[in-house]
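Visitor: What follows is the residue order along each chain.
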Amino acid sequence: MTTSELPTAVRRRDGVAVIDLVGDVNGRAEGALDAAWAEATAVDTDAVVLNFEDAGYINSTGIALIVGLLAKARARSLPIRAYGLTPHYREIFEITRLADFLAINPDEDSAVRGVERSAP
Amino acid sequence: MTTLTGSFRRRLLGRSAVGEKASRDDASLVAVPQDDLDPVDIAPNDPLLAYLQSASGAVDVEALELDSPALASLKAAGVKLAVPLVSQGELIGVLHLGPRRSEQDYSTDDKKLLENLAAQAAPALRVGQLVREQQAEAVTRQRFQQELEVAKLIQQNFLPKVLPDLPGWQVAAFYKPAREVGGDFYDVIPLPDGQVGFVVGDVTDKGVPAALVMAATRSVLRASAQRLVEPGIVLERINEHLCPDMPEKMFVTCLYGVLEPETGRFRFANAGHDLPYVKTADGSVELRARGMPLGLMPGMVYEEKETILAPGDSLLLHSDGVVEAHDPDGEMFGFPRLKDAVARYPGGGELIDRVLTDLRAHTGPDAEQEDDITMVTLSRSPGLAHASNGSPPAGTATRQLVEFEVPSAEGNERIALQRVSDIVAPLGLGDARLKRLETAVGEATMNAMEHGNGYRDDLSVTVRVMAEDDVVRVLITDHGGEPSPDRTAEVPDIEAKLAGLQRPRGWGLFLIKNMVDEAHETHEDHLHTLELVMHRKGDDDDDE
Chain A
1 MTTSELPTAV RRRDGVAVID LVGDVNGRAE GALDAAWAEA TAVDTDAVVL
51 NFEDAGYINS TGIALIVGLL AKARARSLPI RAYGLTPHYR EIFEITRLAD
101 FLAINPDEDS AVRGVERSAP
Chain B
1 MTTLTGSFRR RLLGRSAVGE KASRDDASLV AVPQDDLDPV DIAPNDPLLA
51 YLQSASGAVD VEALELDSPA LASLKAAGVK LAVPLVSQGE LIGVLHLGPR
101 RSEQDYSTDD KKLLENLAAQ AAPALRVGQL VREQQAEAVT RQRFQQELEV
151 AKLIQQNFLP KVLPDLPGWQ VAAFYKPARE VGGDFYDVIP LPDGQVGFVV
201 GDVTDKGVPA ALVMAATRSV LRASAQRLVE PGIVLERINE HLCPDMPEKM
251 FVTCLYGVLE PETGRFRFAN AGHDLPYVKT ADGSVELRAR GMPLGLMPGM
301 VYEEKETILA PGDSLLLHSD GVVEAHDPDG EMFGFPRLKD AVARYPGGGE
351 LIDRVLTDLR AHTGPDAEQE DDITMVTLSR SPGLAHASNG SPPAGTATRQ
401 LVEFEVPSAE GNERIALQRV SDIVAPLGLG DARLKRLETA VGEATMNAME
451 HGNGYRDDLS VTVRVMAEDD VVRVLITDHG GEPSPDRTAE VPDIEAKLAG
501 LQRPRGWGLF LIKNMVDEAH ETHEDHLHTL ELVMHRKGDD DDDE
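Just so you know, the protein sequences line up as chains A and B, in that order.
All residue numbers for the first sequence refer to the numbering used here, where the first residue is 1 and numbers rise by one.
All residue numbers for the second sequence refer to the numbering used here, where the first residue is 1 and numbers rise by one.
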């Protein structure tokens, strides 16, 4: 069984780019994630927020793709946050220490507010 | 001119002749089509063939005296001169010439010219013949290949897509067609009252005819088995259906048995098929029942026997492709070796794996498979004599819940993790522990497909789920016998990855080890197995 490429959408809210991830985050998602990142950072943005509310299965390759996004964010000193993770994937983000480099919020409001609060 | 090639060498066709051009000098020759000449057949034993083969030059047909029907035909057709076309000592054609238009005889110069022409034309003609032969062979090969594809399609469509999950039993099957696709088939048929029918058979012949007979046999068997539970009666019924329309020299061998999973009772009848073996506490035992192959003659009666498959027993149904595989010296693998393997090895899928390993060792790793190979195993878990509802009684040993295969293709780990999750969910793992097991199974399957099997189409990943009182074990097996560097990857460090000191990937094994209570790797022969162990109750259940 193969899954189709991860559909993504990029929204802007209060100076923050929100990337909605819909479906599985695996090796097939690489192109869509790269494109979404490019779109999200094409204009000045205070932070990028990853919305996992509609994400499905996330495998180790998907984790690697998120590490790749973190590396890009770090290179431009851009904060990156996430919300909508199930308890299981939140645990995986903690075990892998992704959570040390990406703030995890329960919902979009708190994720966006968190950026606003931390802004200078 | 007539050319002689392959199967056409017996025939000389007088489709054209060469005659004299009267308007110029006598020595010049032109072709004069005479398409009304009938072909001349030359029998293989006609003395004219031998004469032309040994002739040193042009042959005066009218002057030749031989007791040869072909020669008489040539004379009747008006052929005056025959010039053999010989290439590398082989007669490949003949130039036939009718009378000269001047009505004079062919001169010595004419003949010399024709002989020179024949000597130069013969090699070129031979090249043309070879090209034509190769083209014909290519067409034949292509047709043969298309027929094989059709036969494969028919056979694979009629093989079971899934094997049943029988509590307390393990069912495993292996089927590999030979290149030319023989007539092996097997089937597992759900029957009334929870009984299950098991079939293994072999149609003589190969290719599409065998595949069609196999499909017909399977269809009649499936229909009959639902109405007639007695295996002997079922085989009688199939035989009566097949006999009237069975192609000449074809027949079907078939073993049909009916299992009562709760009691282990196995009733069976045999239509001339290789005897199945049962691994028992006392060694391996043949299951004998007499009966003629199906489709040979009507009115046959099939002896019916029965046995009890006790806890720990394992039944092997097999086709002759196993025992009739030859080693480089021509020695067959044979029944004694197979019987011994059944006695020595564990049952189920592992028995199949071990027999295949022995078979490869016998034939040699590069030997082409001679015939279809089919094996079906039916193993009763030890200590489950009274299990009937899928739940093991207290104090029972390990029982296998399911064994299945996943083709090595990107994304197929989802199939494995979902199937394992469905099987394990009723066992009482908390939601968080079930999710962790799913992730571990997904990662382990992905590793097996990628690093073990190299995403090869012909290599599958085998997944087995075992249950004990308080533990679930998932065994994931691939064909990567030795640990590869990818399997023993560095411990992932996210800071190193963000700094570009480690590649972003390499999380799989780390996740597996952190998701389950234990993970063990084993390597045996050419197989690599990762065993994932999850206790049904964990310290972290409170977190769920």
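One or more hints might be untrue.
Covered stretches of chain B, going by a simulated chain A footprint (3 or more residues, C-beta under 8 Å) [said to hold, decoys possible]: (1) 344–358; (2) 427–440.
Take a look, some chain B residues computed to stay more than 12 Å from chain A by CB distance [as the list claims (entries may be wrong)]: (3) 45; (4) 272; (5) 370; (6) 410; (7) 414; (8) 497.
Simulated from the structure, these hints should not be mistaken for laboratory data.
Beta carbons: idealized from backbone N, C-alpha and C, even for Gly.
Visitor: Next, verify each hint and record whether it holds.
Guide: Going down the list of hints, with the structure as the test:
| no. | hint | in the structure |
| --- | --- | --- |
| 1 | 344–358 | violated (count 0) |
| 2 | 427–440 | holds (count 4) |
| 3 | 45 | holds (66 Å) |
| 4 | 272 | holds (41 Å) |
| 5 | 370 | holds (35 Å) |
| 6 | 410 | violated (6 Å) |
| 7 | 414 | violated (5 Å) |
| 8 | 497 | violated (5 Å) |
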